[in-house]
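Those protein sequences? They're chains A and B, same order as listed. Going by my numbering, 168 is the number at position 168 of the first sequence; the sequence numbering is gapless. Going by my numbering, 103 is the number at position 103 of the second sequence; the sequence numbering is gapless.
It is worth saying that the hints were derived from the structure and are not from the lab. These numbers were taken from a predicted model, which means no experiment stands behind them. By construction, the Cβ of each residue, glycine as well, lies at the ideal position given by its N, Cα and C atoms. Errors might be hidden in some of the hints.
[What the hints assert, rightly or not] Stretches of chain B that chain A covers, calculated by requiring three or more beta carbons in the stretch to come under 8 Å of a beta carbon on chain A: (1) 22 to 36; (2) 155 to 163.
[Stated by the list, open to error] Cβ pair distances, simulated, as ranges: (3) B:S43 x A:G181: 49 to 59 Å; (4) A:K188 x B:H44: 38 to 48 Å; (5) B:Q174 x A:R67: 53 to 63 Å.
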Amino acid sequence: MNPRGSLARERRQAYLLVAPAVLVLGGVALYPILAAVWLSLHRFILVFGERRFTGLENYAYLLGDSRFWAALGNTAYFTAVAVTVELLLAVPLALLLQKAFPGRGLLRASVLVPWAIPTVVSARLWAWMFNPEYGVINRLLPGQDINWLGAPGYALHAAILVDVWKTTPFVALLVLAGLQGISEDLYKAARVDGASPWRTFVLITLPLLKPALLLALLFRSLDAFRVFDAIYVLTEGGPANTTETLSIYAYKTLMRSGDFGYGSTLSVATFLCVVLLAAVWLRLLGREEAAR
Amino acid sequence: MKRPGLGTALAVVAFLTFFLGPFCWQVLTSLWPDGELTRPLPSHLTLENYASVLWGRPFLRVVLNSLVVAALTTGFCLTVGAAAAFALAKLEFRGKGLLLSAALAVSMFPPIATVSPLYLILRTVGLRDSLVGLALPYATFALPLTLWVLTSFFRALPDELYRAARVDGCTPFQAFRQVLLPLAAPGLATTAILVFIFAWNEFLYALTFLSTPEKRTVPVAISLFASEYREPWGEIAAASVVATLPLVALTVLFQRRIVSGLTAGAVKE
Numbered sequence: 001m002n003p004r005g006s007l008a009r010e011r012r013q014a015y016l017l018v019a020p021a022v023l024v025l026g027g028v029a030l031y032p033i034l035a036a037v038w039l040s041l042h043r044f045i046l047v048f049g050e051r052r053f054t055g056l057e058n059y060a061y062l063l064g065d066s067r068f069w070a071a072l073g074n075t076a077y078f079t080a081v082a083v084t085v086e087l088l089l090a091v092p093l094a095l096l097l098q099k100a101f102p103g104r105g106l107l108r109a110s111v112l113v114p115w116a117i118p119t120v121v122s123a124r125l126w127a128w129m130f131n132p133e134y135g136v137i138n139r140l141l142p143g144q145d146i147n148w149l150g151a152p153g154y155a156l157h158a159a160i161l162v163d164v165w166k167t168t169p170f171v172a173l174l175v176l177a178g179l180q181g182i183s184e185d186l187y188k189a190a191r192v193d194g195a196s197p198w199r200t201f202v203l204i205t206l207p208l209l210k211p212a213l214l215l216a217l218l219f220r221s222l223d224a225f226r227v228f229d230a231i232y233v234l235t236e237g238g239p240a241n242t243t244e245t246l247s248i249y250a251y252k253t254l255m256r257s258g259d260f261g262y263g264s265t266l267s268v269a270t271f272l273c274v275v276l277l278a279a280v281w282l283r284l285l286g287r288e289e290a291a292r
Numbered sequence: 001m002k003r004p005g006l007g008t009a010l011a012v013v014a015f016l017t018f019f020l021g022p023f024c025w026q027v028l029t030s031l032w033p034d035g036e037l038t039r040p041l042p043s044h045l046t047l048e049n050y051a052s053v054l055w056g057r058p059f060l061r062v063v064l065n066s067l068v069v070a071a072l073t074t075g076f077c078l079t080v081g082a083a084a085a086f087a088l089a090k091l092e093f094r095g096k097g098l099l100l101s102a103a104l105a106v107s108m109f110p111p112i113a114t115v116s117p118l119y120l121i122l123r124t125v126g127l128r129d130s131l132v133g134l135a136l137p138y139a140t141f142a143l144p145l146t147l148w149v150l151t152s153f154f155r156a157l158p159d160e161l162y163r164a165a166r167v168d169g170c171t172p173f174q175a176f177r178q179v180l181l182p183l184a185a186p187g188l189a190t191t192a193i194l195v196f197i198f199a200w201n202e203f204l205y206a207l208t209f210l211s212t213p214e215k216r217t218v219p220v221a222i223s224l225f226a227s228e229y230r231e232p233w234g235e236i237a238a239a240s241v242v243a244t245l246p247l248v249a250l251t252v253l254f255q256r257r258i259v260s261g262l263t264a265g266a267v268k269e
């Protein structure tokens with residue numbers, strides 16, 4: 001067997017081995033995205049079987065659709081607040097998980113409980129705690145009962161709390177993996193130099209943790225931006241559309257109104273927002289790599 | 001191990017309360033007698049919510065549906081993904097980096113972006129409203145996850161193993177099947193657990209593509225749980241506990257694996 005023939009054979013077999021995965025990814029992701037763009041250029045009402053090409057008409061309507069802009073605003077607010085709070089909680093949690101203390105195993109296992117629970121279940125569970133008359137939250141809080149899920153202003157924040165509860169553990173695990181990559185010698189040197197724990201944290205831990213934090217920001221913000229399950233179960237976008245995110249508006253347009261044309265336009269718009277967000281984060285990450 | 005300081009102890013208690021408290025409250029609610037939900041605490045505990053969920057509703061059927069979909073997704077993605085992950089980790093070919101980045105990009109797709117064409121495709125091929133037809137689009141999130149986690153596992157196996165097998169006369173495919181795949185068993189198990197949990201929890205596709213009540217999966221059934229007069233909180237809680245306990249058990253048992261799998265692709269690359 002000559003080495004050149006063997007190499008060519010290896011390459012051929014490599015292509016055969018990855019081919020099924022490439023086909024599946026093409027079939028469930030690439031083709032549907034292109035098809036969604038194509039659908040978005042049509043007026044297409046499913047139940048009437050009405051379908052005709054209208055070019056960019058849907059997009060022109062989108063630009064003037066105040067409900068779209070409101071949904072975009074809700075989604076952006078949800079993403080920004082949820083991800084910020086998650087990071088602020090995840091860093092101390094990760095520092096705690098890294099420490100050696102009795103019961104650390106229990107804490108590590110129990111933070112995974114919210115992560116493992118289906119989002120729908122977690123939304124139902126919180127909905128019961130948020131219940132205005134009999135929910136445990138209003139019973140524990142002093143003062144007047146609050147209609148958490150029924151009052152504009154409160155509902156979106158209630159949804160953010162559910163998201164924070166559910167996904168902070170995942171962020172903490174990412175941060176923890178970053179912490180474990182920091183050399184123990186640096187901390188020893190800092191101790192020898194008499195640095196306080198706070199200064200050590202600000203001057204050593206945080207800068208070295210930056211790549212892990214940026215990565216967590218990237219993953220979580222893209223994930224939060226597509227939020228559907230939690231809000232759909234908690235409020236279905238209400239009250240008065242104040243919790244309606246892009247995914248929920250698109251879902252309602254597609255499946256409740258059966259409008260596959262404009263619904264696809266909303267889907268494509270959501271997709272483009274996620275791509276834009278990813279591009280911004282990747283640029284920041286790239287700059288971070290270049291600086292090192 | 002030294003004794004924890006007061007600050008550490010307080011922080012641990014605070015985090016434990018926040019993360020476990022709501023779930024414990026749900027367990028308590030599931031044992032709460034139906035007529036007493038208006039009271040701050042129950043006078044006694046009962047299993048009647050479990051009885052009415054399991055025997056009064058088609059909930060066991062729903063659990064079975066979820067098992068079928070999650071198992072189909074896991075089997076399909078592991079079969080397709082393991083071969084590709086091996087090639088990505090051990091073989092030389094063009095487009096490697098592109099494939100891995102494409103997989104990562106796909107896993108970040110908002111599912112709503114592909115829901116309308118997938119609905120039309122599944123309808124055309126007659127797989128809408130079927131559990132098999134639901135497992136296929138689940139590859140959108142499950143296959144990228146499989147590729148990333150398994151590729152990092154295959155990379156961790158020494159290259160010498162692969163080269164030795166080749167010198168002994170194995171084709172690359174035989175080296176994969178007979179030498180590296182058995183050694184990657186822990187990686188396969190980790191991936192299977194992760195994919196199973198993600199498929200079990202998926203909601204948007206299941207809500208969109210399934211219309212017959214008998215075919216609903218657990219998240220869809222729980223989201224639509226209702227009775228005529230008021231929200232059946234006790235029954236919802238009981239159903240939630242039934243649907244969640246296996247996952248919680250799985251997570252606690254395989255905690256280390258799940259953590260390493262979840263962070264494998266993300267941090268080492």
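Hint check results:
{"no.": "1", "hint": "22 to 36", "result": "holds (count 5)"}
{"no.": "2", "hint": "155 to 163", "result": "violated (count 0)"}
{"no.": "3", "hint": "B:S43 x A:G181: 49 to 59 Å", "result": "holds, 53 Å"}
{"no.": "4", "hint": "A:K188 x B:H44: 38 to 48 Å", "result": "violated, 57 Å"}
{"no.": "5", "hint": "B:Q174 x A:R67: 53 to 63 Å", "result": "holds, 59 Å"}
Against the hints set out earlier in the document, violations occur for numbers 2, 4.
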